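K.L.:
These are the residues of each chain, in order.
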Amino acid sequence: AQSVTQPDIHITVSEGASLELRCNYSYGATPYLFWYVQSPGQGLQLLLKYFSGDTLVQGIKGFEAEFKRSQSSFNLRKPSVHWSDAAEYFCAVGNSGNTPLVFGKGTRLSVIA
Amino acid sequence: GAVVSQHPSWVICKSGTSVKIECRSLDFQATTMFWYRQFPKQSLMLMATSNEGSKATYEQGVEKDKFLINHASLTLSTLTVTSAHPEDSSFYICSAPKGISEKLFFGSGTQLSVL
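So the protein sequences, as listed, match chains A and B. Count along the first sequence from 1, add 1, and you get the number used in the working numbering. Count along the second sequence from 1, add 46, and you get the number used in the working numbering.
Keep in mind the hints are simulated off the structure, nothing from the lab. There could be a bad hint or two in this list.
What the hints assert, rightly or not - Here are the simulated distance ranges between beta carbons: (1) B:Pro132 / A:Ala2: 27 to 33 Å; (2) A:Thr100 / B:Pro54: 36 to 42 Å; (3) A:Gln72 / B:Asp73: 25 to 31 Å; (4) B:Leu72 / A:Phe52: 22 to 28 Å; (5) A:Glu67 / B:Lys66: 41 to 47 Å; (6) B:Glu109 / A:Phe52: 30 to 36 Å; (7) B:Ser119 / A:Trp84: 24 to 30 Å; (8) A:Thr100 / B:Phe85: 34 to 40 Å; (9) A:Thr56 / B:Pro132: 41 to 47 Å; (10) B:Lys112 / A:Leu47: 27 to 33 Å; (11) B:Lys110 / A:Gly63: 41 to 47 Å; (12) B:Lys112 / A:Glu67: 38 to 44 Å; (13) B:Glu109 / A:Gly29: 27 to 33 Å.
Unchecked claim - Listed next, the in silico DSS-like pairs over lysine-lysine satisfying Cα-Cα at most 25 Å (straight line): (14) B:Lys101 / A:Lys50; (15) A:Lys106 / A:Lys69; (16) B:Lys144 / A:Lys62; (17) B:Lys149 / A:Lys106; (18) B:Lys101 / A:Lys69; (19) A:Lys62 / B:Lys101; (20) A:Lys50 / B:Lys144; (21) A:Lys106 / B:Lys87; (22) B:Lys66 / B:Lys101; (23) B:Lys66 / A:Lys62; (24) A:Lys50 / B:Lys149.
Only a predicted model underlies this, so the values are computations on that prediction, with no experimental measurement involved. Here a beta-carbon is modelled for each residue, glycine too, at the ideal position from N, C-alpha and C.
Excised from the complex, chain A in its bound form (with noise of 0.2 Å):
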């Protein structure tokens, strides 16, 4: 079965600090993987997803996030933070583009000055 597991529940970072938000997988063959952020009372918003090709991906808002298999695991990062980016952040997994997504249990990002 498929699961995800973000190992941080809840991270602190300064403005301008770097992040690094992380994400392992369990998936039998090359899984879909993507990171969405949530805002309080919000829905989800997509910020990057691996299907194949460099694992190496750029979303939106200046993240990024590297798939390593040998390591089963797909992390989040940014070079510099901004206080907006404070919000709730998803690691999701799934058989395909189109197929319902299984997701780890978020991590909480605040930033502070």
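Fit chain B to the known structure of chain A by using the hints.
P.N.:
The following block gives chain B in isolation, referenced to the frame of chain A:
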């Protein structure tokens, strides 16, 4: 870009009443709609998959008589929480794939509070 419109965004109801949540695909035909539920500080959990013109498929542990799903047209899927109770209070969100674009579009979610 493609949009999935979800209404209402927020609803408060009395225990025992029913609440209907609608998801509409605004500029594409959604033959499939996925319904998720998210409890506070928890992840999104798939509840059911609705398919236009056929019965919905429910995930294990989800009561189909309580969470009625209708997908009567290619642009509208509804989730009705029947005889709602406080434990049904949650954030409900839908998503639909757009054809073979390999991309899911999410609604903005509905926060249900049952008193």
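K.L.:
Lys50 of chain A and Lys149 of chain B were given as a pair; does the straight-line alpha-carbon distance stay at or below 25 Å?
P.N.:
Roughly 9 Å between the alpha carbons, so the hint for Lys50 of chain A and Lys149 of chain B holds.
K.L.:
If you draw a straight line from the CA of Lys50 of chain A to the CA of Lys144 of chain B, is it 25 Å or shorter?
P.N.:
holds (16 Å)
K.L.:
For a C-alpha distance cap of 25 Å, please report whether Lys62 of chain A and Lys101 of chain B respect it.
P.N.:
With a Cα-Cα distance of about 39 Å, the restraint between Lys62 of chain A and Lys101 of chain B is violated, given a limit of 25 Å.
K.L.:
Taken at face value, is the distance from the CA of Lys62 of chain A to the CA of Lys144 of chain B at most 25 Å?
P.N.:
Holds, because 23 Å separates the two Cα atoms, which is no more than 25 Å.
K.L.:
Does Lys66 of chain B pair with Lys101 of chain B here, judged by a C-alpha cut-off of 25 Å?
P.N.:
holds (17 Å)
K.L.:
Using the C-beta atoms of Lys112 of chain B and Leu47 of chain A, is the stated range 27 to 33 Å upheld?
P.N.:
Between Lys112 of chain B and Leu47 of chain A, where Cβ atoms are some 30 Å apart, the hint holds.
K.L.:
Falls inside 41 to 47 Å, the C-beta gap from Thr56 of chain A to Pro132 of chain B?
P.N.:
Roughly 46 Å apart at Cβ, these two residues keep to the hinted range, so it holds.
K.L.:
For Lys110 of chain B and Gly63 of chain A, compare the CB-CB distance with the range 41 to 47 Å and indicate the outcome.
P.N.:
holds (43 Å)
K.L.:
Taking 25 Å as the top limit, are the C-alpha atoms of Lys101 of chain B and Lys50 of chain A close enough?
P.N.:
violated (30 Å)
K.L.:
Within 36 to 42 Å or not, the Cβ separation of Thr100 of chain A and Pro54 of chain B?
P.N.:
violated (27 Å)
K.L.:
For Gln72 of chain A and Asp73 of chain B, compare the CB-CB distance with the range 25 to 31 Å and indicate the outcome.
P.N.:
violated (39 Å)
K.L.:
Does 22 to 28 Å hold as the CB distance between Leu72 of chain B and Phe52 of chain A, or does it fail?
P.N.:
holds (25 Å)
Hint compliance for this structure: hints 2, 3, 7, 8, 14, 18, 19, 23 are broken, all remaining hints hold.
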